[in-house]
Amino acid sequence: MMSREVAMPGPTIRSWGDAPVALGWVAVAAVTSALTAAFAFGAIPRTTATALIAGEGWIMGGTTEPNPTPAYVADVEKLYLDNELSGLSGYSFTGLHTPEEFCPIVCFPAFADDPASWSTMNFGVSVSTGAEIVNQQIQTALTANPDADLGVFGYSQSATIATLEMNDLIAGDHTDPNLHVVLIGDPNSPIGGMLDRFQFPDGIAAFSLTPEPQHLPFLNVPLSMGPTPTSPFPTDIYTGEYDGWADFPRDPTNIVADINALIGVATVHPYYPDPTPGVNLDTNDIINLGTIGDTHFYEIPAPLPMLAFLYDGGPAGLFFYDLFDPYLSLVDDWAYGNPGDPGAGIPVDGTDPIGVAGPWQVDATGQLVASGVAGFLPKMDPLQMLAGEEYAAVQTFVGPIDALLQDAGQSPLPESLVNVLLSGYDVTNGVDASLLTAWSDLT
Numbered sequence: 001m002m003s004r005e006v007a008m009p010g011p012t013i014r015s016w017g018d019a020p021v022a023l024g025w026v027a028v029a030a031v032t033s034a035l036t037a038a039f040a041f042g043a044i045p046r047t048t049a050t051a052l053i054a055g056e057g058w059i060m061g062g063t064t065e066p067n068p069t070p071a072y073v074a075d076v077e078k079l080y081l082d083n084e085l086s087g088l089s090g091y092s093f094t095g096l097h098t099p100e101e102f103c104p105i106v107c108f109p110a111f112a113d114d115p116a117s118w119s120t121m122n123f124g125v126s127v128s129t130g131a132e133i134v135n136q137q138i139q140t141a142l143t144a145n146p147d148a149d150l151g152v153f154g155y156s157q158s159a160t161i162a163t164l165e166m167n168d169l170i171a172g173d174h175t176d177p178n179l180h181v182v183l184i185g186d187p188n189s190p191i192g193g194m195l196d197r198f199q200f201p202d203g204i205a206a207f208s209l210t211p212e213p214q215h216l217p218f219l220n221v222p223l224s225m226g227p228t229p230t231s232p233f234p235t236d237i238y239t240g241e242y243d244g245w246a247d248f249p250r251d252p253t254n255i256v257a258d259i260n261a262l263i264g265v266a267t268v269h270p271y272y273p274d275p276t277p278g279v280n281l282d283t284n285d286i287i288n289l290g291t292i293g294d295t296h297f298y299e300i301p302a303p304l305p306m307l308a309f310l311y312d313g314g315p316a317g318l319f320f321y322d323l324f325d326p327y328l329s330l331v332d333d334w335a336y337g338n339p340g341d342p343g344a345g346i347p348v349d350g351t352d353p354i355g356v357a358g359p360w361q362v363d364a365t366g367q368l369v370a371s372g373v374a375g376f377l378p379k380m381d382p383l384q385m386l387a388g389e390e391y392a393a394v395q396t397f398v399g400p401i402d403a404l405l406q407d408a409g410q411s412p413l414p415e416s417l418v419n420v421l422l423s424g425y426d427v428t429n430g431v432d433a434s435l436l437t438a439w440s441d442l443t
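Start counting the sequence shown at 1; every next residue gets the next number (our numbering).
One thing to keep in mind: the hints can contain errors.
Restricting the straight-line Cα-Cα distance to at most 20 Å, the calculated cross-link-like pairs of lysine to aspartate or glutamate (EDC-like) are [to be verified]:
| # | residue 1 | residue 2 |
| --- | --- | --- |
| 1 | 78 | 352 |
| 2 | 78 | 349 |
| 3 | 78 | 251 |
| 4 | 78 | 114 |
Each pair of labels, with its calculated beta carbon distance range [to be verified]:
| # | residue 1 | residue 2 | range |
| --- | --- | --- | --- |
| 5 | 172 | 320 | 35 to 45 Å |
| 6 | 315 | 119 | 41 to 51 Å |
| 7 | 145 | 71 | 27 to 37 Å |
| 8 | 284 | 327 | 56 to 66 Å |
| 9 | 146 | 313 | 53 to 63 Å |
Rather than coming from a laboratory, the hints here were simulated on the basis of the structure.
We put the CB at the ideal spot given by N, CA and C, even for glycine.
Can you make the complete structure from the sequences, with help from the hints?
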């Protein structure tokens with residue numbers, strides 16, 4: 001790797017409707033669903049609707065994991081809840097039993113005390129049922145103590161469950177609960193979730209007097225639910241880089257990024273509860289992307305999925321990974337609306353740019369922005385794209401050489417040499433920052 005590194009810093013929605021959408025999307029959803037890995041843990045007793053005292057909450061599992069185990073609960077608490085980032089340290093969390101089915105792609109027998117229908121639920125019905133269970137917990141807790149501090153944790157499908165419940169609470173004007181939500185691998189993430197990227201909120205409204213919510217036929221995957229709301233509930237969303245479910249490209253015409261994201265469903269998405277830094281998800285180096293509304297976004301670094309076989313291939317594999325990764329990552333990041341320039345941007349209202357390039361969209365000042373649905377092709381600063389290419393070129397040269405030197409027990413290339421190689425990159429960023437500052441002063 002390079003010796004000069006940038007530090008990484010009312011109404012309830014329960015029906016998905018019947019209108020068909022493009023058949024091409026069936027293949028995409030089927031592939032990504034089939035790749036979703038299951039977790040094998042023993043079961044714990046099912047959580048029922050019991051009143052909670054202040055500072056308690058519920059932890060849900062992902063698809064194929066309806067009944068969170070003590071091991072799973074302990075893992076996610078340690079990684080995502082009991083830390084200085086979440087503000088939920090000290091809460092008492094218990095596992096919450098929800099269907100987590102995805103028939104006909106992923107079906108498994110229901111538990112003995114579950115309704116028989118739980119073994120045959122498609123994604124939409126499973127999500128709706130899960131949201132009803134979460135709502136029952138919240139309403140029971142608030143009836144017992146209207147001022148209760150509550151927490152909800154969702155992973156993958158249960159992140160969509162939490163999103164549906166949050167939207168239902170907002171639609172019913174129930175925005176006052178002291179509810180804090182933490183989500184990992186969120187398919188509805190407003191900065192890259194697959195169900196946000198491919199949402200069709202207006203559906204057939206332009207062609208019908210009775211438009212209905214859109215869904216993916218056969219699988220009943222909702223396409224009109226919208227993103228996880230960024231307000232009014234405090235929310236933390238953790239996303240693994242290139243996780244196809246939670247971090248899908250904005251530009252679907254970028255085939256490299258599409259393939260990479262689909263591979264990421266298998267190499268990134270299953271490992272949030274039990275990551276291995278240096279192999280899949282590096283939870284020791286979480287990137288703070290910033291805040292939109294009341295929602296804080298965190299990115300978990302991961303190897304580029306399409307090169308994962310090289311990353312795990314020993315010294316020789318790492319050499320070729322360092323050789324190919326810079327430009328492939330650059331092309332991939334462009335599909336998300338990121339110019340690939342870690343030094344891009346200027347401070348805005350006292351907030352510094354993210355300072356890291358990756359698969360998330362930024363504006364010209366280097367600040368995180370939500371994806372939106374106003375078109376597939378993102379707009380990027382041309383000078384920052386040029387700087388991204390210059391940075392990738394230096395990485396392609398320095399990274400493999402440093403890897404060879406490290407294997408030989410030698411010191412990496414001198415920082416002074418790396419700085420010389422990056423001089424053109426620095427000039428480009430300097431010009432861009434001057435133009436941005438001048439424009440900011442004018443406006």
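- Query: In ascending order, which of the hints set out earlier in this document are inconsistent with the structure?
  - Reply: 1, 2, 3, 4, 5 and 8
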